[in-house]
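Sequences and hints are given; from them, build the entire structure.
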Amino acid sequence: MDMIKLIIDKKPVEVEKGTTILQAAKNIGIHIPTLCYMNLGDLNIENKPGGCRVCVVEVEGRRNLAPACATDCADGMVVHTHTIRVLNARKTVVQLILSDHPFDCLICAKSGNCELQDLAHKLGIREIPFQGEQSTYRKDTSPSIIRDIDKCIMCRRCEVMCNEVQTVGVLSAIHRGFNAVVAPAFEMNLDHSECTYCGQCVNVCPTGALTEVDHTNQLINDLADPNKTVVVQTAPAVRAALGEEFGLKPGTLVTGKMATALRELGFDYVFDTDFAADLTIMEEGTELLDRLTKHLSGDKNVHLPILTSCCPAWVKFFEHHFPEMKEIPSTARSPQQMFGAIAKTYFADKIKVDRKKMVVVSIMPCVAKKYECSRDEFKVDGNPDVDYSVSTREFASLIKRANIDFLGLEDSDFDNPLGESTGAGVIFGTTGGVIEAAVRTAYEVHTGKELPKVDFDELRGMDGIRSATIDFDGLPINIGIAHGLGNARKLLDDIKAGKSHYHAIEIMACPGGCIGGGGQPYIHGDSSILKARQKAIYQEDAGKTIRKSHENPYIQKLYEEFLGKPLSEKSHHLLHTHYFDRKKEILID
Amino acid sequence: MANYKYHLLVCGGTGCKASESDRIVTALNREIEENGLTNDAKVVVTGCFGFCEKGPIVKILPDNTFYTQVTPNDATEIISEHLVKGRKVERLLYVDPETKKHIADSKQMGFYQKQIRIALRNCGFLDPENLDESIARDAYLALGNCLAEKTPQEVIDEIKLSGLRGRGGGGFPTGLKWEITRNSVSEQKYVVCNADEGDPGAFMDRSILEGDPHSVLEAMAICGYAIGADTGVIYIRAEYPLAIKRLKIAIQQAEEYSLLGDDIFSSGFNFKIELRYGAGAFVCGEETALIHSMEGSRGEPTFKPPFPSVEGYLGKPTNVNNVETFANIPVILNKGAKWFASIGTEKSKGTKVFALAGKINNVGLIEVPMGTTLREVIFEIGGGIKDDKKFKAVQTGGPSGGCLTEKHLDTPITYDTLIEAGSMMGSGGMIVMDEDDCMVSVAKFYLDFTVEESCGKCSPCRIGNKRLHEMLETITKGKGTMETLDKLRTLSLVIKDTSLCGLGQTSPNPVLSTMDNFWDEYVQHVEDKKCTAGVCRDLMNYVVIAENCVGCTACARNCPVNCISGGRKEVHVIDQSTCIKCGACMEKCKFNAIEIV
Chain A
1 MDMIKLIIDK KPVEVEKGTT ILQAAKNIGI HIPTLCYMNL GDLNIENKPG
51 GCRVCVVEVE GRRNLAPACA TDCADGMVVH THTIRVLNAR KTVVQLILSD
101 HPFDCLICAK SGNCELQDLA HKLGIREIPF QGEQSTYRKD TSPSIIRDID
151 KCIMCRRCEV MCNEVQTVGV LSAIHRGFNA VVAPAFEMNL DHSECTYCGQ
201 CVNVCPTGAL TEVDHTNQLI NDLADPNKTV VVQTAPAVRA ALGEEFGLKP
251 GTLVTGKMAT ALRELGFDYV FDTDFAADLT IMEEGTELLD RLTKHLSGDK
301 NVHLPILTSC CPAWVKFFEH HFPEMKEIPS TARSPQQMFG AIAKTYFADK
351 IKVDRKKMVV VSIMPCVAKK YECSRDEFKV DGNPDVDYSV STREFASLIK
401 RANIDFLGLE DSDFDNPLGE STGAGVIFGT TGGVIEAAVR TAYEVHTGKE
451 LPKVDFDELR GMDGIRSATI DFDGLPINIG IAHGLGNARK LLDDIKAGKS
501 HYHAIEIMAC PGGCIGGGGQ PYIHGDSSIL KARQKAIYQE DAGKTIRKSH
551 ENPYIQKLYE EFLGKPLSEK SHHLLHTHYF DRKKEILID
Chain B
590 MANYKYHLLV CGGTGCKASE SDRIVTALNR EIEENGLTND AKVVVTGCFG
640 FCEKGPIVKI LPDNTFYTQV TPNDATEIIS EHLVKGRKVE RLLYVDPETK
690 KHIADSKQMG FYQKQIRIAL RNCGFLDPEN LDESIARDAY LALGNCLAEK
740 TPQEVIDEIK LSGLRGRGGG GFPTGLKWEI TRNSVSEQKY VVCNADEGDP
790 GAFMDRSILE GDPHSVLEAM AICGYAIGAD TGVIYIRAEY PLAIKRLKIA
840 IQQAEEYSLL GDDIFSSGFN FKIELRYGAG AFVCGEETAL IHSMEGSRGE
890 PTFKPPFPSV EGYLGKPTNV NNVETFANIP VILNKGAKWF ASIGTEKSKG
940 TKVFALAGKI NNVGLIEVPM GTTLREVIFE IGGGIKDDKK FKAVQTGGPS
990 GGCLTEKHLD TPITYDTLIE AGSMMGSGGM IVMDEDDCMV SVAKFYLDFT
1040 VEESCGKCSP CRIGNKRLHE MLETITKGKG TMETLDKLRT LSLVIKDTSL
1090 CGLGQTSPNP VLSTMDNFWD EYVQHVEDKK CTAGVCRDLM NYVVIAENCV
1140 GCTACARNCP VNCISGGRKE VHVIDQSTCI KCGACMEKCK FNAIEIV
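Those sequence lines, one after another, are chains A and B. Counting from 1, position 41 in the first sequence corresponds to residue 41 in the working numbering; the numbering is continuous, with no gaps. In short: position in the second sequence from 1, add 589, done, that's the working numbering.
Derived from the structure by calculation, the hints contain no laboratory data. Being a predicted model, the structure only gives us computed values, none of them experimental. Idealized CB from N, CA, C, for every residue including glycine. Keep in mind that the hints are not guaranteed to be accurate.
[Stated by the list, open to error] Okay, derived cross-link-like pairs now, SDA-like style, lysine to any residue, Cα gap no bigger than 20 angstroms in a straight line:
1) B/979 / B/947
2) B/674 / B/626
3) A/10 / A/27
4) A/326 / A/58
5) A/357 / A/381
6) B/1068 / A/129
7) B/1076 / A/132
8) B/893 / A/61
9) A/17 / B/1072
10) B/893 / A/58
11) B/861 / B/886
12) A/352 / A/225
13) A/535 / A/466
14) A/91 / B/1076
15) B/893 / A/62
16) B/1068 / A/132
17) B/1076 / A/357
18) B/1118 / B/1130
19) A/91 / B/1078
20) A/499 / A/323
21) A/91 / B/1072
22) B/690 / B/676
23) B/1076 / A/62
24) A/496 / A/467
[Claimed, not checked] Have a look at the derived ranges for each label pair, beta carbon to beta carbon:
25) B/863 / A/218: 40 to 46 angstroms
26) B/740 / A/17: 29 to 35 angstroms
27) A/496 / B/844: 37 to 43 angstroms
28) B/884 / A/451: 49 to 55 angstroms
29) B/936 / A/526: 49 to 55 angstroms
30) A/490 / B/854: 42 to 48 angstroms
31) A/16 / B/725: 57 to 63 angstroms
32) A/16 / B/928: 47 to 53 angstroms
33) A/535 / B/861: 42 to 48 angstroms
Here it is, written out as C-alpha cells:
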C-alpha cells in the first residue's frame, strides 16, 4: 500500500494514496465543514462534485483554495483548514448560498433537520451582505414528494441517488448559471415522470427542496371525527427507527411504546402491518411453489424467477422500465394493501362498520406508500383500501405535537385480530427479509418437514446484490436479492437476456430495504445507522415465539373464516393485483 | 492545369460572406467570361484575409492589389480596368489614414507590415475547399515526414523544443501535454480539437477552420501519431456552419487522398477524425466540461486532477488542444523548432492571433510575434482609435481578462507580462475602448456574459457572479456607495479563490482590473453620481442652458413624458424627477440649449 505523509493544521498525518484531504483531516480529529459532500460508506454511495465550495482549505503552493472533499492528499502537502483566508471564503460562500435561499426557516418542513441551517449556525453567520434576486420556480406536488426547488442548493446528492444508485434518471441539473437547478427533464411534474417515489432524494436532500407530502393534518382531523373509525397499521421498519426521533440510540426497538403512542393519539384500532406481511407470505409463498411446481413439470407458460412485489417504488420502476416483463413479479399485493383490503372487508364486517366510515391509515418508513394507496386498482367505488400513509418522520412529529412523552410510555401490545404477527413478518423491514420469510414457509409447505433452523444467514447482509442456494430437501432453490433499483436493474437485465438462474428474487427499491426507506428519520450521512436498524429487526424476529407466517393463528383463522385458502378466488380478488405498461406514460407539461 | 495570368482571391470568410462576397464571385466570373478571359483569370474563394473592417476583400495576384469594400457592382470595373486595361481601380484601394494616399500592394499596408502569419499562413491564400491548393502549400508534408522519419518521441521533442504553448488561453506547454498523454498507458487514446471558441468578439479559430482546415486536420493526425491515438474529435460550436461545412469537405477530401483513414502514407498509422457539435455554452471551452459535453452529459467542469491527459474522453487519455495551437504544428515541423523558437520572447515563443475589435480603425484578425507591444498592435496594425478619439483601455483575454490602460501600452504581449499587468492572453480577443466607454459598464458587460454562461455547478460562480453583476448595476444606476465598492472587491477575490474551474476563477478579473486602473471612475459613479463617459443613463441629467434657450417650445412639445415646462419665449425647465432621459429634447433643440450634466 502506497502511504502518503502530509501536514494538516501543523499535525502530521499519514494516509493511503487516494485519500482526500477531508478524510485525512477527519482521521486526526479535524472536521472540515461540508455541504454538498455525502458519503454513505456502508452502501458504497459517494457524492463529491466539489460544487458547494464550503470545504475549501488552503494548500501551500497552490494559487486557489482547494475543496477538501475532492482533493487527494499528496506527499509533503501542507494544508491549513482554518486560516483567515479560508474562514472568510467559507463564510462568504455560505452567505452567497443563503442570499439565494428563501428565508422561511420558521415554517420550513426541514427546519431542525436542515444541513444549511446547521452550517449557517456553525459558521456564526448573522448577516447576508450580498442580497439580491432570488431564484423562484414552480412548486411541484406529486402523490408522495413535494419539490420546492427555490430551496435547491445544487448539491447534486439527489441526482446521485436518482441516477447512479437507483438508475431511475428523473432528476438532473437543468438551465445554466444562476438559474441552474435540479429538476426532471423539461421541468415536467414529478407525477408525469418516471419517478418511482422511492424517496431516496428526499432522504439525502440537505435542505427543504425535497420533502414528503404531509398527511398529518388530515390525520388529526380524522382522529377528531366521532363518525369515523380510524384504524392504523405500522410497518416493520418503523419500530426499528422511530426511537431515533426521540434521541434513542439507532437500533433501539420501540414496538411497545409505539403501540401505546398510537392509542394515545386516539386511533380506534392499533394493528400491525406485520400481520399483513404474514398474509403476504401465505399468498406469495404459495404462488412461488405453484409456479415452481408447474415450471419444473415443464409448463412453458410459467416463467421463473418469481419476483417479490411488496415495494411500490420497485413496482412502478418495472412498470416504466421493464413493462414487457410485468408477468414475472408475484401478483401478491403489498402488505400495506393486503391489510387495507382485509381491514375494510373482513374486519369492517366483524365490527359492523361501513367501509366508507372507516379510515385506514398506515405508518410507513416509505414515501412511495403514499402513492401506492392512491392507485385506482386499490379502491372500491372510489374508496381506497388504505386511505393514506404517513411516514415515520410524520408520525414522530405527531407524537411530539400531541405532547406525548414518548420515552416515558409503557409498552403495550397491538390489538387483535390484525395485530398478531410472527418473526417472519417483522423481517420484511430489511433487505433479504421477505425472501427469508417466504423460504421459511415455502420450505415447510413444500417438504412437509419442519425447518431444522429458522435463521438463514446466507440471505442476510448489506451487499447490493446477494445470492444463495437453499436446499429444499434435495431440490436446490436459487435465491437472488437486490436492494437499490440500480442493483435490481442488473438482475432484470440478466433475466431479459435469459442469463438468470434464479427461481425467486427479492427486490427492495431502497438501499438497505425498508429500514433505509424514504420516510425514515434522516441519517445525515451516517450509514452505520442502517446497520443498527437491521440488527434491531433481526433481534425482534429472534425474540418472537412464532417465527413462521403459516403458524400465525390469526392468519389461519382468517383463512378459515373468510378467505378459504391461499390463491382462492377471494384471495385473488382482495389480495392480488395486476401491473401496467407505463413506458409511454411520460407527459411533458 | 491551366496557367492563369491572374488569380482573383475573394474572401469567403463569414464576415465577407455576410456582405455578399458570394455575389461578387458570381459577378467576377460572369465578367471574366464576357471579356473572354476564362483562360487568363481564375476566381478563388479563400478564407479570411483578416482585414474585416474593409471587407469584402478582393485581392488580385500576382501583384497583391488589395481591393476593399467591394460590391458585386464593382466586378465590371475590376475586370475591364484591372484585367483588360491593366489599370488599378483607384477608388477601391485602401487609403492610408495618415498619409491619405492610396495603397495598392497589401504588403505595403501598415495592417500587414507588422504581422507574421504562421497560424494564419494560408488564410486568404487558398481555396479551403480544394485540397490540391493546400497540398501546393505544403499541407500534409509534415505528417508524411513524421510518419516516415520520426519516432513519436522525436515529434514530441521537436514540439517541446519549439516552446509552443497552448493558444486557447491557459498557455500550457503543448509538447509537455503531448508527452503526458503519450505516457498514459491505454489501448485507446483520443486527440480532441477544442473549437468551442466563445469569447465575445473573438473569431480566430473560426477563421482558421474556414480558411485552412487542413492545417488543423494534419496537426491532429501528427498529434495522434505522437501520443498513440487513432481517433480525433473536433468539438465545434454549431454556430459555425461555414467552418463545419469546410471541415466536412476537408475531412472527406483528405480521406479520398488517404491522408486520413487507414494506413496513412503506407506507414501502418491509422487516424480518423470526427466532428462533435457544441450548443454554444462558453464553459464547454473548459476541457473537462468539453469532454463531458462530448460524452453526452451536461457541459460541466469537474475537478482536476485527473487531467484529461490521464483520464479524458470516455475515461481514456485525451489530448485537448485549441485550433490555433494545432495550426502552428505543421509549420513548426516543416521549418524546425529552432526557427519557431527564434520568434517571440524567451517564455512565449512564436506568434499569437488576435481578433481586434472595438473603437479601432482596423477591425479584423491579426497575427503578431509574441513580444509585440500593445501600442504597436493598436496604433500601427490597428490604425489607431476611430474618429480620432482618445484611447482609454484595451481589454484582452475576454471575460477572463482585464482592461489595460495608457500606462500599459508599451507592455510586450506575452503570457506572463499580460498577467503581471492584471490581464491575460486568453484566446485572443482584443477590444479597444475610447473616452466614450464607461469602465463600470464595461465590467458589467463582461459580468453579464459570465452570469449567462456560468454552468451553475459551484456556488461562488453561480451566485457570486450574479451578485457582482447586481452590485455593478446598482453603481451604474447611481445607487452605489463606497461600501458597495468594498463589497465588490471582497466578493471578487473570494469568487476567484474558491471557484471550481477557470471560468469562475477569472470571471471577476474585468471588475478587479477596472477597479485597479479606473478607481476614480468608480468613485465618481458612487460619490458624485456621475458617469463622465456619458454611458450610464441614470447618472445623466438633461438641463436647459438658460442663455441659449429662446423659448421656442420645441423641446416641450416633443417630450414624451411632458416634463418640460415654460411658456413661449420663456426659458424652459426640465423636471428631473419625471425625465426619462430619452434625449428627444436635445435632438429637437435647434439652439444648442440643452446639455447633459
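A quick look at each hint next to the structure:
1. B/979 / B/947: 13 angstroms, holds
2. B/674 / B/626: Roughly 12 angstroms separates the two Cα atoms, so the pair holds.
3. A/10 / A/27: Distance ~14 angstroms between residue 10 of chain A and residue 27 of chain A Cα, so the pair holds.
4. A/326 / A/58: Violated: residue 326 of chain A and residue 58 of chain A sit about 55 angstroms apart, past 20 angstroms.
5. A/357 / A/381: Holds: residue 357 of chain A and residue 381 of chain A sit about 14 angstroms apart, inside 20 angstroms.
6. B/1068 / A/129: 16 angstroms, holds
7. B/1076 / A/132: 13 angstroms, holds
8. B/893 / A/61: Holds - the C-alpha atoms of residue 61 of chain A and residue 893 of chain B are around 16 angstroms apart, at most 20 angstroms.
9. A/17 / B/1072: 46 angstroms, violated
10. B/893 / A/58: 16 angstroms, holds
11. B/861 / B/886: Between residue 861 of chain B and residue 886 of chain B the Cα gap is close to 23 angstroms, so the pair fails against 20 angstroms, i.e. violated.
12. A/352 / A/225: 18 angstroms, holds
13. A/535 / A/466: 18 angstroms, holds
14. A/91 / B/1076: The given pair, whose Cα atoms are some 14 angstroms apart, holds under the 20 angstroms limit.
15. B/893 / A/62: Roughly 13 angstroms separates the two Cα atoms, so the pair holds.
16. B/1068 / A/132: Roughly 14 angstroms between the alpha carbons, so the hint for residue 1068 of chain B and residue 132 of chain A holds.
17. B/1076 / A/357: 63 angstroms, violated
18. B/1118 / B/1130: 11 angstroms, holds
19. A/91 / B/1078: 16 angstroms, holds
20. A/499 / A/323: Holds - the C-alpha atoms of residue 323 of chain A and residue 499 of chain A are around 18 angstroms apart, at most 20 angstroms.
21. A/91 / B/1072: The hint holds at about 19 angstroms.
22. B/690 / B/676: 17 angstroms, holds
23. B/1076 / A/62: This hinted pair is violated, its Cα atoms lying about 25 angstroms apart.
24. A/496 / A/467: 18 angstroms, holds
25. B/863 / A/218: 40 to 46 angstroms: Distance hint for residue 863 of chain B, residue 218 of chain A is violated at roughly 58 angstroms.
26. B/740 / A/17: 29 to 35 angstroms: Roughly 33 angstroms apart at Cβ, these two residues keep to the hinted range, so it holds.
27. A/496 / B/844: 37 to 43 angstroms: 39 angstroms, holds
28. B/884 / A/451: 49 to 55 angstroms: 52 angstroms, holds
29. B/936 / A/526: 49 to 55 angstroms: Cβ of residue 936 of chain B to Cβ of residue 526 of chain A: about 52 angstroms, so the range 49 to 55 angstroms holds.
30. A/490 / B/854: 42 to 48 angstroms: Because 47 angstroms falls inside the window, the suggested range holds.
31. A/16 / B/725: 57 to 63 angstroms: At roughly 59 angstroms between Cβ atoms, residue 725 of chain B and residue 16 of chain A fall inside 57 to 63 angstroms, so the hint holds.
32. A/16 / B/928: 47 to 53 angstroms: 49 angstroms, holds
33. A/535 / B/861: 42 to 48 angstroms: For residue 861 of chain B against residue 535 of chain A, whose Cβ atoms are near 57 angstroms apart, the range 42 to 48 angstroms is violated.
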